[in-house]
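Asker: With chain A held as given, fit chain B onto it using these hints.
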Amino acid sequence: MYNIYTLTRELSKLTKMQNLFIVAKKVNNIHLFRNSNDLSDIQLYFLSMLFLYENLNQEIEIEHITDKVLTNDLYAESYLLWKRNKKEDNTKSDFSHRHLHLVPTNKINFNKKEGN
Amino acid sequence: MDESKVEAQRIIDDMTKKRDLRKVEEMLKDNKIEFSYKDKEYRVRLLNLREKEELDFLRVKEFGRLLQEKDILLECNLIKQYKENGIDISEIDESISKFQSELKDLCMKLGEAIAKKVEDSILKSYEERINIAEREINVLASQKVILLQYSKENRLLGFVYKCLTYLSLEEKVNDEWKRTFNNMDDLFNCDEELVNQAGQYTAILQNV
Chain A
1 MYNIYTLTRE LSKLTKMQNL FIVAKKVNNI HLFRNSNDLS DIQLYFLSML FLYENLNQEI
61 EIEHITDKVL TNDLYAESYL LWKRNKKEDN TKSDFSHRHL HLVPTNKINF NKKEGN
Chain B
1001 MDESKVEAQR IIDDMTKKRD LRKVEEMLKD NKIEFSYKDK EYRVRLLNLR EKEELDFLRV
1061 KEFGRLLQEK DILLECNLIK QYKENGIDIS EIDESISKFQ SELKDLCMKL GEAIAKKVED
1121 SILKSYEERI NIAEREINVL ASQKVILLQY SKENRLLGFV YKCLTYLSLE EKVNDEWKRT
1181 FNNMDDLFNC DEELVNQAGQ YTAILQNV
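Keeping their order, the protein sequence lines are chains A and B. Just so you know, the working numbering puts 14 at position 14 of the first sequence, and the rest follows in order with no gaps. For the working numbering, count along the second sequence from 1 and bump the result up by 1000.
Read the hints as simulated data drawn from the structure, not as lab findings. Please note that the accuracy of each hint is not assured.
Stated by the list, open to error - Subject to a maximum C-alpha distance of 27 angstroms in a straight line, what follows is the list of computed BS3-like cross-link-like pairs (lysine-lysine):
no.	chain 1	residue 1	chain 2	residue 2
1	A	Lys-87	B	Lys-1109
2	A	Lys-16	B	Lys-1023
3	B	Lys-1098	B	Lys-1083
4	A	Lys-86	B	Lys-1104
5	A	Lys-87	A	Lys-68
6	B	Lys-1104	A	Lys-87
7	B	Lys-1029	A	Lys-26
8	A	Lys-86	B	Lys-1109
9	B	Lys-1018	B	Lys-1032
10	B	Lys-1061	B	Lys-1178
Isolated chain A (complex conformation) (with noise of 0.2 angstroms):
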């Protein structure tokens, strides 16, 4: 039996997928799937997927990848992989230099009402 996960992978990168997703997301009754809850694994699966290679797709786009990524499925994930260690580490250092004084104080002045 051929191995439905390896497909389902292989259909979330297809054109004609990928323009659907998009199109799912902005007009209301164009749907992926008959039905709207209760989703099956394999529905979520696909559906990461399809973000996935969307997320790849705009990363190409704008030239941060070539389009090798989207042959080999190593690539994908280890870039993906990489670039949310790097967001999370450029997250973690913007915090250490960042002072926040959130001191209770009795000062702030709230815009008075019209009228009162």
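Answerer: Just chain B, lined up with the frame of chain A:
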């Protein structure tokens, strides 16, 4: 093989792939999977709330029965017994963790290399090292699965998958869908090939 045979094989592979993709596309459209077996139409579907409660009831009942079985051990006791016989499962776990962290490290390096658009030979060398680490993890994980396959927990898991098939398999009778099995005994007495096929589809739809 001459060129025309290679080309013919390529066309056949291409057609098979397209046919399989169409089948999967059809499966993805709904949270039910229809299939035919020996000229009859069947389908598996997600369980409803009442059926999930029935599944829980059957699971608890089976776990109670397994607890009474003296010859089948709980996973923790099986691990202890293996250790007394010189097989240390925790060592397998440690090796798996070691390879997993090596794998993550290599994937991060590969990801960075892709972002820096380095040459293909470097990407290939990372790919090879990743494949080796993955193979090691698979070997160790299979070894662990084989060692623990006769635990009470594994027996229970196998039983739960059978229950899922019993609860979710339906057949078309006069254009109406009806449950194929009335009880678990019906499933155990049924055609094994049908149960296996339905079981595979059920596992694709829902996790236990």
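Asker: Check each numbered hint against the structure and report the violated ones by number, ascending.
Answerer: Going through the list in order, the structure violates no hint and respects every one.
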